[in-house]
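Peer 1: Okay, here's what each chain looks like letter by letter:
2 protein chains.
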Amino acid sequence: MGIEDVLSDLKKKIQDKLPKGITISDLEFEGPELVIYTVDPKAFADNGDIIRSLAKDLRMRLVVRPDPRMLAEPELAIKKIAEIVPAESGVTNHYFDTETGEVIIEAEKPGLVIGRHGSTLREITKHIGWTPKVVRTPPIESTTVRDIRRYLRNVKDERKAILQVIGKKIHRPITSKEQWIRITTLGGCKEVGRSSFLLSTPETRILIDCGVSTGAEANGTPYLYVPEVSPLSNIDAVVLTHAHLDHCGMIPLLYKYGYEGPVYMTPPTRDLMALLQLDYIEVANREGKRPPYESAMIRETLKHTITLNYGDVTDIAPDIRLTFYNSGHILGSAIAHFHVGEGLYNVAFSGDFKYEKTRLFDPAVNQFPRIETMVMESTYGGMHDMQPSRREAEIDLQNIIRRTLQRGGKALVPTFAVGRSQEVMIVLEEAIRKGIIDNVPVYLDGMIWEATAIHTTYPEYLNVELQDMIFHKGQNPFLSSSFVQVDSQQKRQSILADPSPCIVLATSGMMNGGPVMEYFKQYGADKRNTLIFVGYQAEGTMGRRIQKGWTEIPMSTEGRTDVMRVEMEVATVDGFSGHSDRRQLMEWVKRMDPRPERIITNHGDENKCLDLASSIYKKYKHETKSPMNLETIRLI
Amino acid sequence: MGIEDVLSDLKKKIQDKLPKGITISDLEFEGPELVIYTVDPKAFADNGDIIRSLAKDLRMRLVVRPDPRMLAEPELAIKKIAEIVPAESGVTNHYFDTETGEVIIEAEKPGLVIGRHGSTLREITKHIGWTPKVVRTPPIESTTVRDIRRYLRNVKDERKAILQVIGKKIHRPITSKEQWIRITTLGGCKEVGRSSFLLSTPETRILIDCGVSTGAEANGTPYLYVPEVSPLSNIDAVVLTHAHLDHCGMIPLLYKYGYEGPVYMTPPTRDLMALLQLDYIEVANREGKRPPYESAMIRETLKHTITLNYGDVTDIAPDIRLTFYNSGHILGSAIAHFHVGEGLYNVAFSGDFKYEKTRLFDPAVNQFPRIETMVMESTYGGMHDMQPSRREAEIDLQNIIRRTLQRGGKALVPTFAVGRSQEVMIVLEEAIRKGIIDNVPVYLDGMIWEATAIHTTYPEYLNVELQDMIFHKGQNPFLSSSFVQVDSQQKRQSILADPSPCIVLATSGMMNGGPVMEYFKQYGADKRNTLIFVGYQAEGTMGRRIQKGWTEIPMSTEGRTDVMRVEMEVATVDGFSGHSDRRQLMEWVKRMDPRPERIITNHGDENKCLDLASSIYKKYKHETKSPMNLETIRLI
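Order-wise, the sequence lines are chains A and B.
Numbering (the UniProt record's numbering) for the first sequence: 1 to 636.
Numbering (the UniProt record's numbering) for the second sequence: 1 to 636.
Among the hints, a few may not be true.
Identical copies look the same in the list; a pair holds intra-copy or inter-copy alike.
[Said to hold, decoys possible] Straight line, CA to CA, 25 Å or less: simulated DSS-like cross-link-like pairs of lysine-lysine:
1) K177 - K289
2) K177 - K256
3) K621 - K190
4) K190 - K177
5) K126 - K79
6) K625 - K190
7) K625 - K168
8) K56 - K168
9) K168 - K79
10) K80 - K109
No wet-lab data here; the hints were simulated from the structure.
Fair warning: this is a prediction, and the values are worked out from it, not measured in the lab.
Take these sequences, add in the hints, and give me the full structure.
Peer 2: So this is what it looks like as structure tokens:
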């Protein structure tokens with residue numbers, strides 16, 4: 001049975017289920033979706049439940065597109081849309097795509113354009129024929145989001161062709177008669193960095209994450225040249241858990257070496273990923289290192305990206321369904337859950353996860369429809385890797401900043417752009433709003449502003465309380481006037497020259513370069529100021545040295561090296577980590593429902609992976625394994 | 001550095017070490033050997049130690065060949081050889097190969113043609129120029145050995161070309177900078193049958209064994225289509241531990257699907273392998289099943305076979321040296337020991353082994369220069385898998401046969417052709433010679449005679465006592481006049497019609513077909529006769545049913561099925577197994593020197609593999625693993 005037979009079978013099934021008088025003119029696969037072309041788009045829109053019930057019956061993601069003859073003129077359509085959607089929805093832009101019959105509506109409040117169960121969308125279709133898709137107008141303009149959206153519009157024809165090829169591959173008939181499932185470890189086992197796994201069946205090969213080790217390690221790339229993953233063109237799909245470089249940094253390299261398939265991730269992960277990958281090659285170039293790929297390969301990655309929201313059950317191969325679940329680590333971070341075969345087996349990869357409610361996110365999910373094997377991270381998997389609670393950490397941070405500002409000093413916080421910064425911003429915004437700390441400007445330097453803009457684009461990926469504040473109370477903490485973007489050298493100079501107390505959040509998080517260094521040079525000699533570490537400082541970094549108590553720091557300025565004396569206070573606030581601590585890791589396993597048969601630990605130093613695995617085995621009696629890189633474990 | 005540079009480097013090194021006046025005209029690789037062409041073959045022969053000391057310095061296997069101009073006319077050469085070698089050596093044939101300058105001398109006593117440390121061979125070279133190679137004239141004519149030798153002479157040009165390609169591959173410079181060693185399990189794990197492992201490094205892939213499951217299992221073939229071993233053309237070498245079909249049965253299939261490299265094994269393994277593979281496809285054809293390959297593929301295998309004797313340390317890849325050690329299981333059976341890198345790692349695959357001195361073989365070796373990981377069989381790895389000693393088994397067998405013959409009955413012993421039969425033959429020969437049992441004919445039916453002929457071709461693979469008997473006492477038990485070959489239906493009929501007491505050894509060993517069935521039909525109804533099982537009877541076989549006590553056996557003759565009543569005595573003699581029992585497995589590990597870090601168990605039912613692994617861990621504290629098929633274990 002070929003793909004054409006699959007489609008004609010489906011056409012018959014759908015036609016049988018449709019009310020009389022609604023006909024489908026064509027049917028095709030685009031990526032994981034089945035596209036139904038019809039000359040009766042309005043009839044579909046009239047029967048709101050048809051699509052939902054069809055999708056449920058067929059266990060497929062469906063899209064209905066109007067036959068081109070049914071489309072209203074764009075000018076007329078824009079007028080009609082304005083009549084249908086409430087004025088408060090704040091529509092800022094329309095993009096018409098005659099190829100797909102889609103109109104992308106950019107709105108400040110997408111929910112109002114969608115309506116309950118999509119009722120407003122269907123209303124639009126009924127009047128204009130076009131299929132509306134809604135995206136959020138970022139409340140803070142993000143150049144990344146703007147550029148990506150523009151790029152994807154520019155390459156839409158090429159992208160459509162790619163999706164059609166992918167769609168046919170996903171829905172190909174299963175040919176293999178064997179039954180086995182294997183995991184091959186390609187990186188990130190008994191180490192932190194270059195995370196990468198291969199999940200394979202006789203039919204399919206899925207790569208989960210493809211990161212880079214950005215530390216000093218000799219081998220920064222996953223083992224991509226071993227026979228299990230070569231040629232790369234034999235891989236069916238890449239699945240990305242989240243946007244940090246140790247998980248996504250080498251995905252563009254795959255396209256350089258012959259991979260042509262899709263990459264699945266959540267929408268915020270796509271934007272953060274592009275931001276961090278571009279920064280990665282920019283930093284490499286600035287440091288005179290040859291980056292492993294060029295920006296063209298990042299665009300290639302975007303061209304092949306298919307975004308899925310949490311909970312979307314999606315066919316990504318003839319025998320594999322993928323579902324993302326919130327992992328609470330950073331914006332859009334996901335646990336990737338794979339359902340293999342029809343009820344055969346379920347395996348999930350936790351990626352990095354936080355099992356504690358934070359300012360930004362709900363705790364990582366640990367309830368699944370089914371789960372037999374869980375692959376989980378072990379960053380803080382050691383017996384003694386306990387962290388203060390988030391609440392304690394926040395009070396600690398507030399106290400340090402308060403006393404710094406009160407003595408007329410400045411608080412300098414080196415942070416990663418993505419995740420930690422926004423967490424600290426929310427804490428500061430509340431503290432200022434409630435008068436716990438003085439109302440001073442909070443300067444954001446480096447990529448922090450841009451990363452924050454991406455956070456404001458996807459409020460539905462934040463936790464319930466934050467969504468409630470933003471959507472119902474109209475209080476978006478990221479839009480607080482306390483936050484000031486540092487977007488030019490001039491601006492930075494004026495801040496550096498200003499003697500009044502302030503708070504500065506700047507990259508890089510471990511002080512190995514980045515704008516934070518300029519503030520450090522300026523503020524370092526004044527005892528009233530405080531340097532506050534909120535994240536892990538790796539061995540060998542400048543941050544680590546200062547944290548350990550070095551007071552004489554060699555600094556090179558314009559080729560000359562001077563020794564700088566550190567007089568400012570140096571403080572460390574633990575507890576802001578995006579990773580679960582030992583207690584949270586154990587609790588997450590304990591409360592997992594259903595109980596998995598097997599737990600595989602990775603993403604941690606060797607002793608942490610082993611310690612966590614043996615503790616889980618001793619305490620909860622799960623079968624556990626802690627593989628090395630380059631091993632293969634058979635699941636079934 | 002290419003292969004040409006490697007050769008010119010070697011040429012310089014060799015020339016430097018040679019005495020003045022000896023020049024080498026050319027140098028090339030043929031398989032693992034370095035061939036030195038010279039116009040002074042006599043000078044090489046004069047300096048007996050040159051080659052040995054060169055080989056030691058270069059750590060390579062060397063062959064010296066005369067320039068063709070230096071070769072005497074064959075007629076003259078034959079005359080000269082006859083003058084040089086002692087008359088008792090019993091030269092039966094000469095084969096001259098002008099291409100290689102080699103003369104193959106077939107002799108009844110090859111040792112006399114070779115002389116001490118090869119002194120007689122050198123004497124021959126000095127006089128005729130040709131390089132003599134000596135093979136044994138089988139004292140019992142083996143059609144297998146004769147056919148294989150003839151075939152290899154016929155394809156010698158093609159074979160030389162193949163060896164040159166292999167030689168260049170083996171000696172290619174190492175390009176990879178990574179360092180890891182992995183074992184992938186392709187078959188024979190937690191099961192008995194289709195044994196196959198992949199040993200891989202960044203540079204090299206070695207397949208160890210490639211067997212077939214001959215039982216009722218659904219999947220008779222190792223997992224050869226997984227990416228780790230595909231394409232097959234990427235495999236550097238196949239190494240075969242011994243000739244049983246569950247280890248070698250699928251090797252010809254490799255050549256059918258694109259493998260073009262060498263297969264390493266001992267010389268007796270080559271002959272037994274061809275015998276058993278040919279029988280395998282013959283039986284399949286007879287039973288109307290389509291065999292997985294044709295006899296042409298068996299010839300292809302022979303064409304690519306490189307034989308190594310126990311103890312020959314041989315480069316088989318740029319980073320891997322192979323050495324075979326006696327495993328005591330069947331004729332030529334070996335433990336395959338791999339030395340990886342220059343002192344990096346040592347791993348060995350036990351194949352099937354017997355850690356007890358038997359009539360035919362010395363016990364399996366467990367002393368190695370170095371060993372870090374041992375992969376070992378678990379056939380009798382269960383806690384209670386104890387067998388009587390060989391001595392007890394022999395007495396048991398003698399008693400049963402004695403009482404059978406004394407009451408005028410016939411003893412019928414179903415056996416496998418290879419291994420068990422010869423073991424029983426030696427016991428019977430001694431018992432008859434010593435008068436313990438009556439002097440009756442011992443009929444050998446099925447492939448037993450042919451397998452015995454192969455045993456007589458390689459007495460140096462038998463244990464010291466047997467060699468001593470054969471070489472020094474002139475008593476070859478296999479040549480005893482008690483043994484009678486059944487080589488025609490007519491002969492069989494006359495034996496079946498003869499009422500006098502006798503002993504019959506016949507295949508198949510589990511009574512699922514073969515000539516044994518004809519004897520069984522004839523002898524079954526007479527209470528004086530005895531059916532004696534000396535080997536394992538698998539569930540579902542006729543042998544198993546009779547052993548369990550069935551007395552009414554449905555037998556089909558010429559399409560009609562009759563019920564046959566079994567009146568003959570049925571006896572089972574345990575202890576003749578070629579596998580180590582539980583106690584021997586544990587002792588072998590305990591006394592292994594040096595002590596390996598890790599033991600991997602395979603080749604046994606799941607519970608046997610697990611039981612053995614956990615017992616070894618508990619008792620001797622080795623790290624142990626018992627993988628499933630399709631897993632990959634990283635060694636370093």
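Peer 1: Check each numbered hint from earlier against the structure, then list the numbers of those it violates in ascending order.
Peer 2: Numbers 7 and 9 - these are the hints that the structure violates, sorted from lowest upward.
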